[in-house]
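One letter stands for each residue in the lines below.
Number of protein chains: 2
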Amino acid sequence: MQIALAQLNYHVGNFEANTKKIIQAIAAAESKGAELVVFSELCVCGYPARDFLNYPHFIKQAENAIQKIAAATNEVAVLIGAPVVNPDIEGKDLFNAALWLQHGKVQKVFHKTLLPTYDVFDEYRYFEPNSKFELMELNGKKIAVTICEDIWNVGNENPLYTISPMDELIKLQPDFMVNLSASPFSYVQHEERMKVLKANVERYKIPLVYVNQIGAQTELIFDGGSVVMNEAGEVEKQLPFFEESIVVTDIGHRSLVISHQSSDTIQSIHAALVLGIRDYFSKLGFQKAVLGLSGGIDSAVVLCLAVEALGKENVLSVLLPSEYSSQHSIDDSLALVKNLQSSHEIVSIQPAYQAFLETMKPHFGNLPFNVAEENMQSRSRGLILMAFSNKFGYILLNTTNKSEAAVGYGTLYGDMCGGISVLGDVYKTQVYQLAEYINRNAEIIPHNIITKPPSAELRPNQKDSDSLPEYEVLDKILHAYIEAHKGIDEILAMGFDEALVQKVLRMVNMNEWKRFQAPPVLRVSPKSFGIGRRMPIEGKYLG
Amino acid sequence: MQIALAQLNYHVGNFEANTKKIIQAIAAAESKGAELVVFSELCVCGYPARDFLNYPHFIKQAENAIQKIAAATNEVAVLIGAPVVNPDIEGKDLFNAALWLQHGKVQKVFHKTLLPTYDVFDEYRYFEPNSKFELMELNGKKIAVTICEDIWNVGNENPLYTISPMDELIKLQPDFMVNLSASPFSYVQHEERMKVLKANVERYKIPLVYVNQIGAQTELIFDGGSVVMNEAGEVEKQLPFFEESIVVTDIGHRSLVISHQSSDTIQSIHAALVLGIRDYFSKLGFQKAVLGLSGGIDSAVVLCLAVEALGKENVLSVLLPSEYSSQHSIDDSLALVKNLQSSHEIVSIQPAYQAFLETMKPHFGNLPFNVAEENMQSRSRGLILMAFSNKFGYILLNTTNKSEAAVGYGTLYGDMCGGISVLGDVYKTQVYQLAEYINRNAEIIPHNIITKPPSAELRPNQKDSDSLPEYEVLDKILHAYIEAHKGIDEILAMGFDEALVQKVLRMVNMNEWKRFQAPPVLRVSPKSFGIGRRMPIEGKYLG
Numbered sequence: 012m013q014i015a016l017a018q019l020n021y022h023v024g025n026f027e028a029n030t031k032k033i034i035q036a037i038a039a040a041e042s043k044g045a046e047l048v049v050f051s052e053l054c055v056c057g058y059p060a061r062d063f064l065n066y067p068h069f070i071k072q073a074e075n076a077i078q079k080i081a082a083a084t085n086e087v088a089v090l091i092g093a094p095v096v097n098p099d100i101e102g103k104d105l106f107n108a109a110l111w112l113q114h115g116k117v118q119k120v121f122h123k124t125l126l127p128t129y130d131v132f133d134e135y136r137y138f139e140p141n142s143k144f145e146l147m148e149l150n151g152k153k154i155a156v157t158i159c160e161d162i163w164n165v166g167n168e169n170p171l172y173t174i175s176p177m178d179e180l181i182k183l184q185p186d187f188m189v190n191l192s193a194s195p196f197s198y199v200q201h202e203e204r205m206k207v208l209k210a211n212v213e214r215y216k217i218p219l220v221y222v223n224q225i226g227a228q229t230e231l232i233f234d235g236g237s238v239v240m241n242e243a244g245e246v247e248k249q250l251p252f253f254e255e256s257i258v259v260t261d262i263g264h265r266s267l268v269i270s271h272q273s274s275d276t277i278q279s280i281h282a283a284l285v286l287g288i289r290d291y292f293s294k295l296g297f298q299k300a301v302l303g304l305s306g307g308i309d310s311a312v313v314l315c316l317a318v319e320a321l322g323k324e325n326v327l328s329v330l331l332p333s334e335y336s337s338q339h340s341i342d343d344s345l346a347l348v349k350n351l352q353s354s355h356e357i358v359s360i361q362p363a364y365q366a367f368l369e370t371m372k373p374h375f376g377n378l379p380f381n382v383a384e385e386n387m388q389s390r391s392r393g394l395i396l397m398a399f400s401n402k403f404g405y406i407l408l409n410t411t412n413k414s415e416a417a418v419g420y421g422t423l424y425g426d427m428c429g430g431i432s433v434l435g436d437v438y439k440t441q442v443y444q445l446a447e448y449i450n451r452n453a454e455i456i457p458h459n460i461i462t463k464p465p466s467a468e469l470r471p472n473q474k475d476s477d478s479l480p481e482y483e484v485l486d487k488i489l490h491a492y493i494e495a496h497k498g499i500d501e502i503l504a505m506g507f508d509e510a511l512v513q514k515v516l517r518m519v520n521m522n523e524w525k526r527f528q529a530p531p532v533l534r535v536s537p538k539s540f541g542i543g544r545r546m547p548i549e550g551k552y553l554g
Numbered sequence: 012m013q014i015a016l017a018q019l020n021y022h023v024g025n026f027e028a029n030t031k032k033i034i035q036a037i038a039a040a041e042s043k044g045a046e047l048v049v050f051s052e053l054c055v056c057g058y059p060a061r062d063f064l065n066y067p068h069f070i071k072q073a074e075n076a077i078q079k080i081a082a083a084t085n086e087v088a089v090l091i092g093a094p095v096v097n098p099d100i101e102g103k104d105l106f107n108a109a110l111w112l113q114h115g116k117v118q119k120v121f122h123k124t125l126l127p128t129y130d131v132f133d134e135y136r137y138f139e140p141n142s143k144f145e146l147m148e149l150n151g152k153k154i155a156v157t158i159c160e161d162i163w164n165v166g167n168e169n170p171l172y173t174i175s176p177m178d179e180l181i182k183l184q185p186d187f188m189v190n191l192s193a194s195p196f197s198y199v200q201h202e203e204r205m206k207v208l209k210a211n212v213e214r215y216k217i218p219l220v221y222v223n224q225i226g227a228q229t230e231l232i233f234d235g236g237s238v239v240m241n242e243a244g245e246v247e248k249q250l251p252f253f254e255e256s257i258v259v260t261d262i263g264h265r266s267l268v269i270s271h272q273s274s275d276t277i278q279s280i281h282a283a284l285v286l287g288i289r290d291y292f293s294k295l296g297f298q299k300a301v302l303g304l305s306g307g308i309d310s311a312v313v314l315c316l317a318v319e320a321l322g323k324e325n326v327l328s329v330l331l332p333s334e335y336s337s338q339h340s341i342d343d344s345l346a347l348v349k350n351l352q353s354s355h356e357i358v359s360i361q362p363a364y365q366a367f368l369e370t371m372k373p374h375f376g377n378l379p380f381n382v383a384e385e386n387m388q389s390r391s392r393g394l395i396l397m398a399f400s401n402k403f404g405y406i407l408l409n410t411t412n413k414s415e416a417a418v419g420y421g422t423l424y425g426d427m428c429g430g431i432s433v434l435g436d437v438y439k440t441q442v443y444q445l446a447e448y449i450n451r452n453a454e455i456i457p458h459n460i461i462t463k464p465p466s467a468e469l470r471p472n473q474k475d476s477d478s479l480p481e482y483e484v485l486d487k488i489l490h491a492y493i494e495a496h497k498g499i500d501e502i503l504a505m506g507f508d509e510a511l512v513q514k515v516l517r518m519v520n521m522n523e524w525k526r527f528q529a530p531p532v533l534r535v536s537p538k539s540f541g542i543g544r545r546m547p548i549e550g551k552y553l554g
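As you go down the protein sequences, you meet chains A and B in turn. If you read the first sequence in the working numbering, its first letter stands for residue 12, the second for the next number, and so on. If you read the second sequence in the working numbering, its first letter stands for residue 12, the second for the next number, and so on.
Think of the hints as simulated: they come from the structure by calculation, not from any bench. Among these hints, one or two may not hold up.
As the list claims (entries may be wrong) - Mimicking EDC-like on lysine to aspartate or glutamate, the simulated pairs with C-alpha atoms at most 20 Å apart in a straight line are:
1. Lys152/A x Glu242/A
2. Lys216/A x Asp186/A
3. Lys551/A x Glu27/B
4. Lys497/B x Glu74/A
5. Lys525/A x Glu523/B
6. Lys71/B x Glu494/A
7. Lys551/B x Glu74/A
8. Lys31/A x Glu101/A
9. Lys402/A x Glu385/B
10. Lys402/B x Glu242/A
11. Lys349/B x Glu334/B
12. Lys402/B x Glu369/A
13. Lys32/A x Glu74/A
Whenever a hint applies, use it, and build me the whole structure from the sequences.
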């Protein structure tokens, strides 16, 4: 059977654009000889639609879109993802569904059984789980239609669910499986996904057609990577990552097996962040970005990513020196914008900072210089960057990295400002790797930015290492605590100093209030700050 | 049977404090002759513990606490709430449990069946639902032990679940029901709760002992209001709202029926907000608050609430006049702090604002004054307030109301700064009602603050009504959209102007990015901004 995999980029709630794109893709697949076109999960309304799903009016728009797409179908069968109303009065009001459209109407509806409700996923918030199992019969073939998580409860050491939908469907003797997914990127996701797909074909001994979406929806970045896997667990087709693509393939006839695409971690993080920035701007309807360029590595990497995502003509760097800024910070920044041929402004924060110092003098008296004055500098910078944003319609890019965000090494309403956090899920040690990757062909980021010791430059001769452990050590502790959910006992067993570990975990927990007000973070790891990590602000656990 | 209802205030993750409090309550109940002491849901670890529950080390602490509490029990039976490990490898790793402790050990464990996963609740994120039903047998009585949501799927027009646990338990012929709850306040919650409890006793025809916690955990404020309801649906005991209380009652012997306590909406919102502020500070270990006093009604009401919650000696008001501030703003503010006998400072933002204007002049050129300059004023105020906070260890109280937050009428990093948003779930029209309530015995808030037209005073003669509809109209549209989830067609059917409704809904949806970075909001309505309302930032639905 000739099957088209439609791996596309949707916009949440933009029914008009999504419908148009789907109808065009059906026509394209038809012209390539497809008998069946498979789209990704909830493509009609976009994924994740979150609490828009609580609006009956939103669901009505989805129904209208389904009717419009159905009306555009003929001989070619289509599988699209959409929310549908649960006709039963009991249970949640919706199903997460795959709809088989053909000959101008909806032929059959399949419901999702396993509803991911962990990390960034909230599906049981909206959907009732499926409990009846049927196949799709098309042109003499029997097809098991599954939706994303439905095939993820196979081959796990610690299964999240007590059932596996394919265990039911396989009894009906399908010829192959189809899976409509919306499976977001993380730097371990491709490997995990291939493991899961393989576990399915090995268990059920039939081929699998897997269709994922691409594109970013604020924090979540979808990488595509749709595949056709034969019953031997070999990849017969592999669609590109981070790109729209429609590919037609013949299921059931052995085709050439392609080599398993291994993804380089830093390369894929780089591609994900570029797409994340690009879609944030395009889906909000903005073109231009502004950022503060400090001379440090974080803002340098963000600038390079932004230039790649938006074009050099659309990114303004603002250098914001103070009395504590070193000359090399300015020189290095200027060298970088020159390399990128992008524009910059230099705006001293000194007059504003001095005005605040004078203003606060009667209240601060002779109290020593401390974090209050440091934050006044950082917030003066935030204010100037937001002035550019407000006057000229730029979106401010936040440059905080994950290590800083974790321990609260940053100023709320200062360097924590921004519409989107580009590096908030990238540890400092990974930021260095990104810089090396950006420089893979030529020195874009000046060598000095990469090699100098990190500093916030908020007081004379300040270094990050004055208040934080070396990032090599810090990032290992943070990873153990945040990604691996290790307890303090297990982290100590890794060989770290006890006082240091206690200090770091305490800093992480004490700064939830700060991260609560941080911009959304482009997610590239299995555990990012934001919607996927929900922590009490006033929690007492571990300090 | 003599049953003690222990309605207490817990601290998430503070096992030491919670354990101590529970053991003391057991002793107190014992001294009052109780045979059974009932605590509230997940009291051992605090509710909601959120993603702390993903840490095996956290669960181990809970286990240790359970053992410690069990060891302190004797003849008196105890029911406590705690997370327990699911011994089955399949399914989620935890149960939300009620543990029967007696004679020094755990006698039996009951699991929660219905896991609320909507609004502010995420329970299926952590817990496997119960599937086996047993009673507790104590001193010749059979008790149906249920946890919170377990009794909420009775008497609903649109049931959220396909089962009701009590339908199973009633077959085992219990003498009465016990319910361990963690049910947060909203201004409709008391009425809803009484309706649900009544539906249960009417359906199952046995008495119900209902124990809720009190206290605030950041956004969520728990009001207690634990009750004993007899099989006729009459309230025999009613514990106080927003206060800790341990009451012993005799179940099965008719006692005096008390009059059903009706709660006044504004009075209960006032009490909730005071508790919300108090617990935010006490659980974070802070005493002192600072806020910007503008001369408007929002900051006036926040100041009064803060003084009641923290004491007049712990609240500093800062007046932050600019060239656009009217004299009455200053005079009214001074009259208010005088009435409250609390302290204030006057800090002009003029020097800082002028410095920013000068700094931006080369970049802004001759572009007209607009929101950029307005925001510079608001952000200069935010910066000064945060300078007080950083230098002296105050927490900044945010004064944004729900109407402003909804339409984005506020400056991010400016007047949207703060550790906690006191009025973020209170519409402007309700803020006026709160002011009247605060003035119920004497004029605390000067009359002029209540009667003058609202203004942000960021340009000459500015009024809120320049850019927004009258709050009487705006709040009705917002309520229809946010609380009632009405679509645009239904809102138009209420009789509002189409262009106006479109503008308002568009403003609500376009400002998700701003609210994303707002402080946590004390929740007093059934649908508050924050964790209970999860909206796409880049969503296109309704603009």
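Taking the hints in turn, this is what the structure says about them:
1. Lys152/A x Glu242/A: 16 Å, holds
2. Lys216/A x Asp186/A: With Cα atoms ~9 Å apart, Lys216/A and Asp186/A stay inside 20 Å; holds.
3. Lys551/A x Glu27/B: Measuring from Cα to Cα gives roughly 10 Å; hence the hint holds.
4. Lys497/B x Glu74/A: Satisfied, since the Cα-Cα distance of roughly 17 Å is no more than 20 Å.
5. Lys525/A x Glu523/B: 19 Å, holds
6. Lys71/B x Glu494/A: 19 Å, holds
7. Lys551/B x Glu74/A: 17 Å, holds
8. Lys31/A x Glu101/A: Roughly 35 Å between the alpha carbons, so the hint for Lys31/A and Glu101/A is violated.
9. Lys402/A x Glu385/B: The given pair, whose Cα atoms are some 11 Å apart, holds under the 20 Å limit.
10. Lys402/B x Glu242/A: At roughly 66 Å apart (the allowed maximum being 20 Å), Glu242/A and Lys402/B break the hint.
11. Lys349/B x Glu334/B: Given that 20 Å is the threshold and the Cα spacing comes to 24 Å, the pair is violated.
12. Lys402/B x Glu369/A: 15 Å, holds
13. Lys32/A x Glu74/A: It holds: about 16 Å lies between the C-alpha atoms, which stays within 20 Å.
In this structure, the hints that do not hold are numbers 8, 10, 11, in rising order.
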